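Peer 1: Sequence:
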Amino acid sequence: MRWNENVERFKNNRRAVWSLFLFVTIFIVSLFSELIANDRPLVIKYNNKIYFPVFSDLSDVFLGGDFPTSADYGDRLIINNIQSSGGWMIKTPINYSFNTVDYYLDTPTPSAPDHQHWLGTDEEGRDVLARILYGVRLSIIFAFLLTFISSLLGIFIGAIQGYFGGKTDLFLQRFIEIWDSLPQLFILIIIASVFLPTFWSLLIILLLFSWTGLTGMVRAEFLRLRNFEFVKAAKVLGVSDFRIMFRHILPNALVTSITFIPFIMAEAITALSALDFLGLGLPTDYPSLGDLVRQGKDNLHAPWIGVSIFIVLSGLLSMLIFIGEGIRDAFDTRKNK
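Take the sequence shown: its position 215, counted from the start at 1, is 199 in this note's numbering, and no numbers get skipped.
Calculated from the structure, these hints are not laboratory results. Predicted model, so just to flag it, every value in this text is computed and none were measured. Each hint should be verified, as a subset may be incorrect.
[Stated by the list, open to error] No farther apart than 30 angstroms at their CA atoms in a straight line, the calculated lysine-lysine pairs in the DSS-like style are these:
| hint | residue 1 | residue 2 |
| --- | --- | --- |
| 1 | 219 | 151 |
| 2 | 33 | 75 |
| 3 | 151 | 216 |
| 4 | 29 | 75 |
[What the hints assert, rightly or not] Using C-beta positions, here's what the derived DEER-type ranges look like:
| hint | residue 1 | residue 2 | range |
| --- | --- | --- | --- |
| 5 | 1 | 102 | 26 to 36 angstroms |
| 6 | 98 | 125 | 24 to 34 angstroms |
| 7 | 193 | 238 | 19 to 29 angstroms |
| 8 | -5 | 48 | 53 to 63 angstroms |
All C-beta atoms in this analysis are idealised placements derived from N, C-alpha and C, irrespective of residue type, glycine included.
Using the sequences and the accompanying hints, generate a full structural model.
Peer 2: Shown next as structure tokens:
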């Protein structure tokens, strides 16, 4: 089956195409989160010089303040010093980063949406929209890395099982069955109680249990394809086993694997959010979507938190599911004969 035919079939699924377009657009926008939501201005003019605080840190003392810490551009003293020097500031559309606490709120936290906080604040006075923007970027990058690495590992082991068969297949299959039967949640609880989870440590922990997702499908494809005539002919010609596996069999076996990648990404986003919700995931200084889910549950009197994060998570997961369905239908020969 030709790839261009598969692409055309995918394009005919308007729901999948629009989901892919929206998902890619949201991800690209989130990559520029620092230029959209930040407590530092994009550009300032001070003492007839141009500075870019969003890229370089300026101290409070440098701008006429009293402390050697980073400047607070919402401080009236700093604003007056910049204006009195004949300067100006160009701020980001959202004047808060994901970890910026608004100490100038007039109402108790979590505060309702207003002209300053379009989706309100959380229980610590941080802007909900800014945390969602940064959290979406973190979740997608985490899911992409986890999906990519686990897929490579799962495809490689599945290929080894299916091609060589025999004792190799039997040993690896028993190992996978034992590995999948381990209580993942308890292991995560033990690890979280011993080590402080970070982005990379959590990625490695989830990778230990997610690589088996594609192994069974790849194994089955290799078991089927290894007896085809073109494989036997390659062996007769003296082609090496690994060249046969990854040059001749793997491209055919990848068809079934590719259709599951969006679903694996959706599962990775769900896993990260669930761990953060349970307090077993990333620390609180990370922009976590799961932490917003927890805050929505704990603050039912502040529905803007729960409603916002519900729309974001359900939207992301729905788009990935629709993309996966579109790819599956595009590669399904039974539906396209």
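Peer 1: Hints first: check each against the structure and report whether it holds.
Peer 2: How the hints compare with the structure:
no.: 1; hint: 219 to 151; verdict: holds (20 angstroms)
no.: 2; hint: 33 to 75; verdict: holds (17 angstroms)
no.: 3; hint: 151 to 216; verdict: holds (21 angstroms)
no.: 4; hint: 29 to 75; verdict: holds (12 angstroms)
no.: 5; hint: 1 to 102: 26 to 36 angstroms; verdict: holds (29 angstroms)
no.: 6; hint: 98 to 125: 24 to 34 angstroms; verdict: holds (31 angstroms)
no.: 7; hint: 193 to 238: 19 to 29 angstroms; verdict: holds (23 angstroms)
no.: 8; hint: -5 to 48: 53 to 63 angstroms; verdict: holds (58 angstroms)
In summary, the structure agrees with every hint in the numbered list given earlier.
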